[in-house]
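2 protein chains.
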Amino acid sequence: MGIKEEVKMHTEEVEGIIIKYLPPEEGFQKTVIEAMNYSFLAGGKRLRPMLMLETYRLFGGESTVIEPFMAAIEMIHTYSLIHDDLPAMDDDEYRRGRKTTHIVYGEAMGILAGDGLLNLAFETALRAFETEPGNPKVARALSILAHNAGIYGMLGGQVADVESEGMPVGQEKLDFIYELKTGALIESAMLIGAVLGGAAEAEQEVISRVAKDVGLAFQIRDDILDVAGDQAVLGKPIGSDEKNEKTTYVTLRGLEQSAKDVEAISNRAIGLMQSLPEENPFLNGLLHYLIGRTK
Amino acid sequence: MGIKEEVKMHTEEVEGIIIKYLPPEEGFQKTVIEAMNYSFLAGGKRLRPMLMLETYRLFGGESTVIEPFMAAIEMIHTYSLIHDDLPAMDDDEYRRGRKTTHIVYGEAMGILAGDGLLNLAFETALRAFETEPGNPKVARALSILAHNAGIYGMLGGQVADVESEGMPVGQEKLDFIYELKTGALIESAMLIGAVLGGAAEAEQEVISRVAKDVGLAFQIRDDILDVAGDQAVLGKPIGSDEKNEKTTYVTLRGLEQSAKDVEAISNRAIGLMQSLPEENPFLNGLLHYLIGRTK
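Top to bottom, those sequences are chains A and B. Numbering (the working numbering) for the first sequence: 125 to 419. Numbering (the working numbering) for the second sequence: 125 to 419.
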């Protein structure tokens, strides 16, 4: 079985877990719940909860304590997409071929649905204490979840990105944006999996570095594909970054150097993973897949 | 000393505690932090953290574990005001005589500042585990914080309110809106204080009912003042609800009955407080003040 089919199977497994945490569409607040579920169920590979679960398994984790965290990180990812799509932000009408949340439910409900999902993420993750009351690992995982989603994580990267539009961006600021905007949630996913799975401190540090490298390689690869990719294969128009006058990794380092950098960063990530005594073949395949290596 | 002066002194005490939790305005994400702090520092009586602290003291609490929760509930209150003021919601340019956040920082930054504060609220409250690691009361308090702010609390009430604009609203729906939109955060404040202060289950139940009554009485009184108040004393225009075709408690029950109801609800709340063996004279004064009784 190829990695694509394997990922697909795991996506189904993850979906089965996370949808259990969606609220029923009832009560006077029904509309916002519909809007939240509409966005949450828009599909995607569920990479963040998948990375979380597989890192948890890498360290021998096998309890359901991980499940509310899997749902929570996908809720945070979804809320960020809803708010990114709003007219005051990227003003997008479509995402993954479906109308965006504010187009279907109106702008006020789009704002509230995003707020609702961010809040529900913490409400849901806190349910892990029902499985393991007083477990300090759960408390630590909650702190990672909050830290990496907020101003020192994903949201911080998003702010710097919004402010950079139409302006020249230097390498330091671009690194900041890349590390936080995409990297912070990937790090959150893998690190929560490691912490709850019982990884030692040094191993948590390795996982954290791997996750940052994977996030960075994933994003540089995206920049390269926007310049040099095949529109038919990508399923989206190429050249959008140049059109939007967006500074990317390729703008700053050039196409050739960017390709070399992805290779180096990917090799570093894979080397780090191999330094761990634990093994999870699917997780290795998934990481290779994310950073665009076919072998 | 009159209750107003007492409240003022306590506002200063609470401010001194909660501002310690504001993030420094630095880094590439500086603008959003400025916007968050601008909103947070816009003043107000800090009633929610004050109610939390005084309920905590009522049950004998005297540790700093309450402090991050005090900051967190004010962050949640502030985020809800920022998002309420957005053009897609109430579209307000001014609040407490200052320009609203999106007017000063732009709409995108207004959305992100609200998101940032909601996220920071949980990040901050989780710091209570630093003071008391593994304490199940902290876990319980976190769950109350999340539950009462989200779709089954404040946000749920806000959604029902937004959807009711320009539509006839029945008593059941109005009760839902009142209980959740204002009441849920007041209940959250007092209940977290009670839980962390070590109140027994039955006492927590009493506090929960008192908080709901106080929230309801506070809001009905606001409706009455909008019809029958003195603009000069209130410092805001009266008759705004009628102008906005807003169904209020007074619309449904009439002025006279509403006044009787406030009296009955207030008496019930005060009777419940008196049923507790513990005593905090300032908290009693504060509750009287909130529900508009001068004696």
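Rather than coming from a laboratory, the hints here were simulated on the basis of the structure. None of the values given here were measured: they were computed from a predicted structure. Mixed in with the good hints there might be a few duds.
Any copy, or any two copies together, can satisfy a pair, since identical chains are not distinguished.
What the hints assert, rightly or not - Calculated cross-link-like contacts (lysine-lysine; reagent style DSSO-like; alpha-carbon spacing at most 27 Å):
| no. | residue 1 | residue 2 |
| --- | --- | --- |
| 1 | 223 | 261 |
| 2 | 297 | 261 |
| 3 | 297 | 154 |
| 4 | 336 | 223 |
| 5 | 370 | 261 |
| 6 | 154 | 336 |
| 7 | 367 | 261 |
| 8 | 367 | 132 |
| 9 | 223 | 367 |
| 10 | 144 | 169 |
| 11 | 154 | 370 |
| 12 | 169 | 223 |
| 13 | 261 | 384 |
| 14 | 223 | 297 |
| 15 | 384 | 336 |
| 16 | 384 | 154 |
| 17 | 144 | 370 |
| 18 | 128 | 336 |
| 19 | 370 | 297 |
| 20 | 384 | 367 |
These are the hints, each one checked on the structure:
1. 223 - 261: Neither. Shortest intra-copy (39 Å) and inter-copy (43 Å) distances fail the 27 Å Cα cut-off.
2. 297 - 261: neither (33 Å within a copy, 41 Å between copies)
3. 297 - 154: between (41 Å within a copy, 13 Å between copies)
4. 336 - 223: neither (31 Å within a copy, 39 Å between copies)
5. 370 - 261: neither (40 Å within a copy, 48 Å between copies)
6. 154 - 336: For residue 154 and residue 336, the Cα distance is within 27 Å only across copies (22 Å; inside one copy 38 Å).
7. 367 - 261: So residue 367 and residue 261 fail the 27 Å test inside a copy (46 Å) and across (53 Å) alike.
8. 367 - 132: neither (33 Å within a copy, 55 Å between copies)
9. 223 - 367: Close inside one copy (23 Å), not across copies (35 Å); limit 27 Å.
10. 144 - 169: within (17 Å within a copy, 41 Å between copies)
11. 154 - 370: between (39 Å within a copy, 21 Å between copies)
12. 169 - 223: within (18 Å within a copy, 42 Å between copies)
13. 261 - 384: neither (38 Å within a copy, 52 Å between copies)
14. 223 - 297: Answer is neither: 32 Å inside a copy and 30 Å across each miss the 27 Å cutoff.
15. 384 - 336: Only inside one copy: residue 384 and residue 336 sit 17 Å apart there, 62 Å across copies, limit 27 Å.
16. 384 - 154: Neither. Shortest intra-copy (50 Å) and inter-copy (33 Å) distances fail the 27 Å Cα cut-off.
17. 144 - 370: For residue 144 and residue 370, neither the intra-copy (39 Å) nor the inter-copy (37 Å) Cα distance is at most 27 Å.
18. 128 - 336: Within. Shortest intra-copy distance 23 Å satisfies the 27 Å Cα cut-off; inter-copy 53 Å does not.
19. 370 - 297: Within. Shortest intra-copy distance 13 Å satisfies the 27 Å Cα cut-off; inter-copy 48 Å does not.
20. 384 - 367: For residue 384 and residue 367, only the intra-copy Cα distance (25 Å) is at most 27 Å; the inter-copy one is 65 Å.
This entry does not satisfy hints 1, 2, 4, 5, 7, 8, 13, 14, 16 and 17, going by the numbered hints stated previously.
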